[in-house]
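Chemist: Just so you know, the sequences run in chain order A and B. According to the numbering used here, the first sequence is numbered sequentially starting from 18. According to the numbering used here, the second sequence is numbered sequentially starting from 18.
You may find that some hints are simply not true.
Covered by chain A, per the in silico footprint, the following chain B stretches (three or more residues, Cβ under 8 Å) [to be verified]:
| no. | stretch |
| --- | --- |
| 1 | 36 to 44 |
| 2 | 52 to 61 |
| 3 | 69 to 83 |
| 4 | 125 to 134 |
| 5 | 196 to 203 |
| 6 | 257 to 266 |
Capping the alpha-carbon separation at 20 Å, the derived lysine to aspartate or glutamate pairs in EDC-like fashion look like this [what the hints assert, rightly or not]:
| no. | chain 1 | residue 1 | chain 2 | residue 2 |
| --- | --- | --- | --- | --- |
| 7 | A | 258 | B | 126 |
| 8 | B | 380 | B | 333 |
| 9 | A | 380 | A | 293 |
| 10 | A | 258 | B | 353 |
| 11 | B | 258 | A | 353 |
| 12 | B | 258 | A | 109 |
Everything labelled a hint here was simulated from the structure, so no lab data went into it. No experiment lies behind these values; they were computed from the predicted model shown. Each residue gets a CB set at the ideal place from its N, CA and C atoms; glycine is no exception.
Protein chains: 2
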Amino acid sequence: MCVWARRSRNLVRVTTTISFARGAPSLDIIDVEGLRAAADTAFTSDPGGLTGYGTSIGYPPLREWIAERHQVDPRRVLVTNGSMQADAFLFDALVGRGDSVIVERPTYDRTLLALRNRGADVRMVELETDGIDVAALERVLSAGAKPKLAHIIPNFQNPAGYTLSAAKRERLIELARAHDFTIFEDDPYVSLRFEGSPLATMLSMDGETVVYASSFSKTVCPGIRVGYLVGPEELIARVAKIATSTYISPSMVSQGIVYQFCRSGALEHSIETVREALRERAEALCGALASELPDARFVTPEGGYFLWIELPRGVDVNALFQAAAARGVQFVKGSDFVLDGAESSLRLAYSGVTPAEIEAGVKRLAEAYADISSAVPAG
Amino acid sequence: MCVWARRSRNLVRVTTTISFARGAPSLDIIDVEGLRAAADTAFTSDPGGLTGYGTSIGYPPLREWIAERHQVDPRRVLVTNGSMQADAFLFDALVGRGDSVIVERPTYDRTLLALRNRGADVRMVELETDGIDVAALERVLSAGAKPKLAHIIPNFQNPAGYTLSAAKRERLIELARAHDFTIFEDDPYVSLRFEGSPLATMLSMDGETVVYASSFSKTVCPGIRVGYLVGPEELIARVAKIATSTYISPSMVSQGIVYQFCRSGALEHSIETVREALRERAEALCGALASELPDARFVTPEGGYFLWIELPRGVDVNALFQAAAARGVQFVKGSDFVLDGAESSLRLAYSGVTPAEIEAGVKRLAEAYADISSAVPAG
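For reference, chain A alone in the conformation it holds in the complex:
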């Protein structure tokens, strides 16, 4: 059953498409009332701080709150308009045209694009279910690669959902020290663990070699656009200069609201809500896949938003994408997260869909899979 509506000159299907495409939370797990209350408190308690020009380091009370969370000096923290802006500033500071940068394979498509737009020499190193293949990285380094940076998403990776093991975290730091590159620990999902024990951040293991980024997009909400960097003081000062000459400061109003949200305890409550919902959604997804799509290979996620599916070699996920769209279900093709290959893989985001939608969506996906499996190849 589909409803069609005219929207900006195109006919689009609305209301019934089930989307596993966007890594975004559904509105029901966002604490809107907590945000409204935080805004009220923020304007009342610090009108000058919220409304006046800030500086590019961010809203000082929030900067201090973040510093305390990470047990670092506040001068090592810089708050940004979302953490993708933090990535952009960091790349501007560290990555020049032709510079070699290590990324995981697969990795977040926007990071890949940002690096390629800067003319970086992007080297992908295979991601295993316990994180980047450090032996393969070592071979790349021994063969003469001189990376400036290694971009690592340690927890519940986007797109794969995998988590970097403690041993590999240590090994990565050893390699970074020996080969003189910076580890960019990109960690937006860290608080969204719903199983197992949290692992120490690489930042906490080596504050000189590691630059860390995270965000409130997954714990407060994405539309607030508050992300941050933690790094060596000298680097943060350099990034602050770039930020000043780009936009003066991120929204002081957004940051003031986030600060009050954190301070009031609403953050911890919100994290609990989100975690619980994600746990349920991941469970529903894994259950539905096991019963409806037994050809799908995947690792049950311990946190985060994403699940990575590998279908049998030779399955054309481009065709599956079309067939799925026709049946009203969306996902992102694996090939979007690599420079080449991954033609039989796909990413499912379960953050924005309810368990009931997940069950219905996986049924449709299985039907689409049956469609392409039974189809005679054209030509």
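Starting from the structure of chain A, add chain B where the hints point.
Modeler: Just chain B, lined up with the frame of chain A:
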């Protein structure tokens, strides 16, 4: 009487310095209660729009509100994290290394820096009291300059406070058409006219040749960081791509609050408050200068934040700056707004100081001027 306090390892003087340095409004002319109410309405009436991921074009209702104000199609509008970010995106889209760009002399120091950081060939054309010297610009163009862009602050220019006449607006557009360059009409102060009649924007005269930027920093508050661009649809689409790959979107929360602030009528009320205060402050400043510092030449501003002072040739404003700091008064040196010269000029911002502070500040400035006039040159 000075109070000293320890702040981040430096001794700084607090509470009694009078600053004419920063182009920022004082807290007393910001409608904090209106902002608090707007935030309340925004979270209540559109929780999904505020909290979810937006897109880089901005919060759609605000985009439409801006489009209506400028009588353009919404597809020609893009909202940004403050208007300096709009400048940065536009320069990224239009200005390459070595490209020639026309700017006014003097002009906003951050624009100068942004262009120089991009390796642009910056050509300054003298600013007259009725705007850029179009005859001089014509000579530059006839001599073979092929600018990509001319950056113009048409109303109550920063730093000079001057306004571009209607005749010069027309002439500029003719020159831009004939020599195939884009006019970047940078217009954050347009609503802050407290005398005379408003002039038509160049945008309204030629929507193809002109790209327009403005902001809510001066009419709502700076900390909210909401600026925008209006330009040809194709260019805005290109800028939207750059913005997406930089920060996904500006703060949807900030934009939702601004939208409700506009919609409720608080904006018009706020503009009235700000205008009235600026009118009083400009009057106090001009009166105090006339009586205390008769050597200062200036044009009485009709709006905006700034007044430009030319002191007699040979007066060393570097020395005045030091002497003024010693007496607890701050301004920005004229030389900051040019590539070279302007050693006897300075900018006074009257937006952040009350009439009483202005009178005391000008007295101190006159004393500092007397200090350097009587001093025997060193060496």
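Chemist: Against each hint, give a clear statement of whether it holds in the structure.
Modeler: Here is how each hint holds up against the structure:
Under a criterion of three residues with beta carbons nearer than 8 Å to beta carbons of chain A, the stated coverage of the stretch 36 to 44 of chain B is upheld, 3 such residues being counted. Note: the stretch 52 to 61 of chain B has 6 residues with beta-carbon separation from chain A under 8 Å; the three-residue rule is met and the coverage holds. Coverage of the stretch 69 to 83 of chain B by chain A holds. Counting CB-CB distances below 8 Å, 3 residues qualify, and the rule asks for three or more. Check result for the stretch 125 to 134 of chain B against chain A: holds, 4 residues qualifying (beta carbon to beta carbon below 8 Å, three or more required).
Chain A is given as covering the stretch 196 to 203 of chain B, and this is violated because 0 residues of the stretch bring a CB closer than 8 Å to a CB of that chain, at least three being needed. Coverage of the stretch 257 to 266 of chain B by chain A holds in this model, with 5 residues showing a Cβ closer than 8 Å to a Cβ of that chain against a need of three. Among the hinted pairs, residue 258 of chain A with residue 126 of chain B is consistent with the structure: their alpha-carbon atoms are about 14 Å apart, no more than 20 Å. Between residue 380 of chain B and residue 333 of chain B, the direct Cα distance comes to roughly 19 Å. Compliance with the 20 Å bound is thereby established for this hinted pair.
With a CA separation close to 24 Å, the supplied pair residue 380 of chain A and residue 293 of chain A exceeds the 20 Å bound. For the given pair, residue 258 of chain A sits about 17 Å from residue 353 of chain B by alpha-carbon distance, which is consistent with the 20 Å threshold. Distance hint between residue 258 of chain B and residue 353 of chain A is fulfilled; the C-alpha atoms sit about 17 Å from each other, no more than 20 Å. Straight-line distance between C-alpha atoms of residue 258 of chain B and residue 109 of chain A comes to about 18 Å, which keeps the hinted pair within the 20 Å bound.
Comparing the model with each earlier hint shows violations of hints 5 and 9; every other hint is respected.
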